[in-house]
Amino acid sequence: MKESTIMKIHYGTALASVGLVAVHILMRLTTGFADSLSYENVLANYRSVPYVIMLELILILLAVHGFNGLRVILLELKQGRVYEKAVSYGSIVGMIALIGYGSRTIIMTNMGMV
Amino acid sequence: MAQVSSIADEQASTPLSSPKSILLRISKFNPKLDESSKFMEFTVPYQKWTTVLEAILDVKKHFDHSVAVRYSCRQATCGSCGMMINGKPKLACFTKISELDSDVVTVEPMNNFPVIRDLTVGFEKLFAKHQKIQPYLIRDDSELESDEREFLQSPEEVEQYIQFANCIKCGLCNSACPTMATDSSFVGPQALAQAYRYVADSRDKGKDTRLNIIDESHGIWRCHFAGSCSQVCPKGVDPAMGIQFLRGYLLGFRS
Numbered sequence: 001m002k003e004s005t006i007m008k009i010h011y012g013t014a015l016a017s018v019g020l021v022a023v024h025i026l027m028r029l030t031t032g033f034a035d036s037l038s039y040e041n042v043l044a045n046y047r048s049v050p051y052v053i054m055l056e057l058i059l060i061l062l063a064v065h066g067f068n069g070l071r072v073i074l075l076e077l078k079q080g081r082v083y084e085k086a087v088s089y090g091s092i093v094g095m096i097a098l099i100g101y102g103s104r105t106i107i108m109t110n111m112g113m114v
Numbered sequence: 115m116a117q118v119s120s121i122a123d124e125q126a127s128t129p130l131s132s133p134k135s136i137l138l139r140i141s142k143f144n145p146k147l148d149e150s151s152k153f154m155e156f157t158v159p160y161q162k163w164t165t166v167l168e169a170i171l172d173v174k175k176h177f178d179h180s181v182a183v184r185y186s187c188r189q190a191t192c193g194s195c196g197m198m199i200n201g202k203p204k205l206a207c208f209t210k211i212s213e214l215d216s217d218v219v220t221v222e223p224m225n226n227f228p229v230i231r232d233l234t235v236g237f238e239k240l241f242a243k244h245q246k247i248q249p250y251l252i253r254d255d256s257e258l259e260s261d262e263r264e265f266l267q268s269p270e271e272v273e274q275y276i277q278f279a280n281c282i283k284c285g286l287c288n289s290a291c292p293t294m295a296t297d298s299s300f301v302g303p304q305a306l307a308q309a310y311r312y313v314a315d316s317r318d319k320g321k322d323t324r325l326n327i328i329d330e331s332h333g334i335w336r337c338h339f340a341g342s343c344s345q346v347c348p349k350g351v352d353p354a355m356g357i358q359f360l361r362g363y364l365l366g367f368r369s
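Taken in order, these protein sequences are the chains called X and F. If you read the first sequence in my numbering, its first letter stands for residue 1, the second for the next number, and so on. If you read the second sequence in my numbering, its first letter stands for residue 115, the second for the next number, and so on.
Note that these hints are calculated values from the structure, not bench results. Since the structure is predicted, the reported quantities are computational estimates derived from the model, not experimental observations. Fair warning: there could be bad hints in the mix.
Claimed, not checked - Derived BS3-like pairs (lysine-lysine); straight-line CA-CA distance at most 27 angstroms: (1) K174(F) x K85(X); (2) K142(F) x K8(X); (3) K78(X) x K202(F); (4) K142(F) x K246(F); (5) K85(X) x K246(F); (6) K246(F) x K174(F); (7) K239(F) x K78(X); (8) K2(X) x K321(F); (9) K85(X) x K2(X); (10) K239(F) x K152(F); (11) K78(X) x K321(F); (12) K162(F) x K239(F); (13) K8(X) x K283(F); (14) K239(F) x K2(X).
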């Protein structure tokens with residue numbers, strides 16, 4: 001993939017994250033911040049389909065943005081063909097792993113495992 | 115090892131009637147022989163018009179002829195005498211001692227370049243990166259074949275790129291660039307500014323080729339827009355602005 005395409009994704013995920021995280025924070029304020037973090041409310045959030053789609057989107061956007069940012073930092077720290085390939089593929093693996101781990105909570109809640 | 119000396123009356127190129135003198139600290143380093151650089155210290159008289167290059171040449175003439183320094187035109191045109199002067203990349207021929215406002219002047223080789231010896235650095239990478247962006251007009255026809263004999267441009271079209279054409283390849287921008295300090299593969303502000311110089315030229319048809327060259331993992335996107343390249347340019351070129359314009363092309367804001 002071209003670097004300009006990657007950077008367009010990088011900037012796009014940053015902007016979209018800001019918008020969705022703002023909605024996420026505003027939702028905390030609807031029932032009072034402390035109450036919104038109570039066990040039952042958190043589970044209720046995970047069972048609400050529109051809200052869970054938003055949480056999943058935030059997770060994907062931040063994982064893509066964060067791991068690409070880490071890739072850029074690591075590429076600037078050190079150079080070398082093998083190292084750069086390891087960093088690029090490592091970032092993709094890290095991204096997928098983080099999204100998988102975050103999604104696991106949502107899936108377990110909706111399967112009644114929590 | 116430090117050597118403190120003063121110039122004898124009869125030998126000095128700068129007259130000793132000069133009431134002022136500075137301590138000139140010159141970095142001495144031969145990568146083939148030395149493990150680390152050392153500073154040699156010389157007391158040099160100066161007038162208000164004396165440049166750092168003239169002071170270094172005085173030292174070469176009277177104290178230590180082994181000091182390695184590259185210079186040629188002495189008028190900020192050839193771009194040969196770039197060095198760190200009191201910690202900032204400057205042209206030695208274009209920097210007056212009186213303007214430095216310091217009793218001690220420390221000269222070192224430019225950062226982000228391999229040291230050949232003392233104040234002289236290797237420009238191979240700079241020229242290779244400059245060459246990589248194809249710094250010439252790309253088009254199928256040539257002025258020799260054209261009926262008009264030359265490719266005409268309006269003043270407005272010239273205005274688009276003319277400041278970038280002032281680059282003298284002195285390497286000060288690359289020396290000041292914080293990204294180049296860690297990323298040795300980064301194409302650098304000098305080459306990027308020259309890429310913009312040709313992309314913005316209405317006579318050039320190689321925009322897509324050049325944009326492809328700089329659109330790689332150590333290309334234009336590694337610039338953090340610190341702007342230090344533009345601050346140190348002795349010819350008033352603004353590489354940081356050129357880089358932002360190039361990004362505009364790549365992001366689709368410019369065509």
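Hints, verified against the model:
1. Distance hint between K174(F) and K85(X) is unfulfilled; the C-alpha atoms sit about 49 angstroms from each other, more than 27 angstroms.
2. Our distance criterion of 27 angstroms between C-alpha atoms is broken by K142(F) and K8(X), whose separation comes to about 46 angstroms.
3. Under the criterion of a C-alpha separation no larger than 27 angstroms, the hint pairing K78(X) with K202(F) is consistent with the structure, at around 25 angstroms.
4. Distance check on the hinted pair: K142(F) and K246(F) sit about 32 angstroms apart at the alpha-carbon level, beyond 27 angstroms; violated.
5. A distance of roughly 23 angstroms separates the Cα atoms of K85(X) and K246(F); the hinted pair therefore holds under the 27 angstroms criterion.
6. Restraint check: the Cα-Cα separation between K246(F) and K174(F) comes to about 37 angstroms, which exceeds 27 angstroms; the hinted pair is violated.
7. Using a Cα cut-off of 27 angstroms, the hinted pair K239(F) and K78(X) holds, with the two alpha carbons roughly 17 angstroms apart.
8. Simply put, K2(X) and K321(F) have alpha-carbon atoms about 16 angstroms apart, close enough for the 27 angstroms limit, and the pair holds.
9. Annotation: proposed proximity of K85(X) to K2(X) holds, straight-line Cα distance about 15 angstroms (limit 27 angstroms).
10. Only pairs whose Cα atoms come within 27 angstroms are accepted, and K239(F) paired with K152(F) is accepted, the gap being roughly 25 angstroms.
11. For the proposed pair K78(X) and K321(F), the alpha carbon gap of about 30 angstroms is over 27 angstroms, so the pair is violated.
12. Our distance criterion of 27 angstroms between C-alpha atoms is broken by K162(F) and K239(F), whose separation comes to about 36 angstroms.
13. Only pairs whose Cα atoms come within 27 angstroms are accepted, and K8(X) paired with K283(F) is rejected, the gap being roughly 31 angstroms.
14. For the suggested pair K239(F) and K2(X), the alpha carbons sit about 24 angstroms apart, so the restraint of at most 27 angstroms is met.
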